[in-house]
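Undergrad: Sequence:
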Amino acid sequence: MTNFEIGLLSFPALLLLIFLRVPIGLAMFTTGFVGLWLTNGSAFMAMARLKTETFTTFSSYSLSIVPMFLLMGCFATLGGMSQALFKAAEAWIGHRKGGIAMAAIGACAGFGAICGSSLATAATMGRVALPELRQYGYAGGFSTATLAAGGTLGILIPPSIVLVIYAILTEQNIAKLFLAAVIPGLLAAAGYVLVISIYVRLNPEAAGVRERVGYGERFRALFNVWPVLLVFMAVVGGIYAGIFTPTEGAAVGALGTGLIAWWNGGLTRQSLVSSFLSTGRSTAMIFFIVLGAGFYNGFLALTQVPQELSNFVVEQGFSPWLVLAIILVLYLIFGCVMDSLSMILLTIPIFFPVISSLDFGMTPEQVAIWFGILVLIVVEVGLITPPVGMNLFIINAMDRGTPITATYRAVMWFVASDIVRVIVLAAFPAITLFLIS
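Residue numbers (the numbering used here): 4 to 440.
Simulated from the structure, these hints should not be mistaken for laboratory data.
Please note: incorrect hints may appear among the correct ones.
Computed Cβ-Cβ distance ranges for the label pairs, DEER-style [as the list claims (entries may be wrong)]:
#, residue 1, residue 2, range
1, Trp40, Arg412, 26 to 36 Å
2, Ala400, Pro15, 29 to 39 Å
3, Leu18, Gly404, 12 to 22 Å
4, Ser62, Leu280, 46 to 56 Å
5, Gln138, Pro389, 46 to 56 Å
6, Leu232, Gly320, 16 to 26 Å
7, Pro389, Thr59, 37 to 47 Å
8, Thr59, Leu280, 24 to 34 Å
9, Ser274, Leu18, 16 to 26 Å
10, Met48, Ser274, 26 to 36 Å
11, Ser274, Ser360, 48 to 58 Å
Glycine included, every Cβ here is placed at the ideal spot set by N, Cα and C.
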């Protein structure tokens with residue numbers, strides 16, 4: 004059996020391990036280790052690579068941005084920023100039909116600007132918004148679907164942990180990727196608001212109405228979100244202006260949100276320790292997946308599978324747009340059974356060389372950034388795609404009285420919005436590249 008054949012057989016072996024509920028990081032690590040053993044006839048190279056891969060992976064300066072963004076999200080929650088965002092949005096649009104659900108989307112978008120995790124955004128905003136949605140008579144499935152969809156804005160609106168990992172894998176500029184994600188992120192939020200507006204008109208019983216509040220209360224609520232704007236401008240604005248690197252920006256953001264949480268009384272000695280432990284656990288999980296992916300992708304590179312696949316696609320003369328469409332559909336399918344980070348780490352080393360070898364009429368950097376945003380969006384769709392959308396389970400766990408099937412039915416409206424957005428951004432790359440061009 005040739006090395007190339009061993010590489011191809013590793014895919015079904017990896018999927019089998021995943022379906023057997025082996026943790027994705029361990030599954031990729033095991034497949035890569037055994038693959039290296041088989042291709043070399045002994046375990047010597049696999050053991051040697053275990054030492055070198057661990058060192059080269061975790062000595063990467065760029066990876067230090069991950070725990071900083073995770074810690075920033077923890078501090079933002081302790082500082083009451085999520086609640087301030089929701090109350091401000093609710094004060095301005097909560098009296099409209101479906102307004103509280105729209106406010107939840109707006110708050111998710113705002114919180115996503117200071118928290119690079121979709122799951123953290125969904126969980127945090129779920130705790131804040133679900134009681135209000137129940138109080139004003141919103142249907143359970145509609146409420147949970149709205150918050151699950153809103154949570155996906157956490158990885159699309161910069162800063163985003165998944166975009167950081169993509170930038171590392173493809174050797175792209177993190178700041179440019181963050182900038183390119185702004186317009187698609189705003190389009191996502193606008194699309195979700197439009198979906199809510201249509202849904203409540205077709206299903207009037209799904210949403211209640213909140214009384215209108217005066218402009219005095221509205222402006223007071225709006226004033227309370229200044230910490231969010233301050234942190235966002237300091238982090239993202241500082242990165243774009245070249246004042247500091249993305250890693251330094253993440254550290255500034257973590258310090259800023261920590262000080263705000265302390266000032267608001269949310270950061271105590273106990274909550275500080277709890278935040279460090281939570282960040283450590285999440286970072287360890289992400290880093291182990293990164294290590295497993297690095298080990299597996301190193302094995303694939305040895306077997307020449309990505310290179311051969313890229314050459315095959317070019318030789319067949321397929322339309323670049325057809326290849327792109329097939330890849331995006333595959334991401335939608337993978338999203339039903341895998342989490343976003345695992346999909347990125349597993350597939351980008353295979354798909355990115357294929358996309359890079361095709362002619363889309365753009366520079367290689369533009370193609371890389373545009374493709375990264377498209378991948379981020381379809382990965383985001385996977386977080387709310389039944390049957391294994393992670394955000395759906397997180398929100399449903401907070402509302403035990405709502406059947407998961409009710410959430411599935413309502414969330415498909417948001418999935419449809421995402422698919423339309425993917426088609427538009429794929430057909431018109433200039434929308435994504437506008438701010439960096």
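Undergrad: Each hint: holds or not?
TA: Now the hints, each set against the structure:
{"no.": "1", "hint": "Trp40 / Arg412: 26 to 36 Å", "result": "violated, 47 Å"}
{"no.": "2", "hint": "Ala400 / Pro15: 29 to 39 Å", "result": "holds, 32 Å"}
{"no.": "3", "hint": "Leu18 / Gly404: 12 to 22 Å", "result": "violated, 35 Å"}
{"no.": "4", "hint": "Ser62 / Leu280: 46 to 56 Å", "result": "violated, 24 Å"}
{"no.": "5", "hint": "Gln138 / Pro389: 46 to 56 Å", "result": "violated, 27 Å"}
{"no.": "6", "hint": "Leu232 / Gly320: 16 to 26 Å", "result": "violated, 51 Å"}
{"no.": "7", "hint": "Pro389 / Thr59: 37 to 47 Å", "result": "holds, 38 Å"}
{"no.": "8", "hint": "Thr59 / Leu280: 24 to 34 Å", "result": "holds, 27 Å"}
{"no.": "9", "hint": "Ser274 / Leu18: 16 to 26 Å", "result": "violated, 41 Å"}
{"no.": "10", "hint": "Met48 / Ser274: 26 to 36 Å", "result": "violated, 47 Å"}
{"no.": "11", "hint": "Ser274 / Ser360: 48 to 58 Å", "result": "holds, 50 Å"}
Checked against the numbered hints given earlier, the structure breaks hints 1, 3, 4, 5, 6, 9 and 10 and satisfies all the rest.
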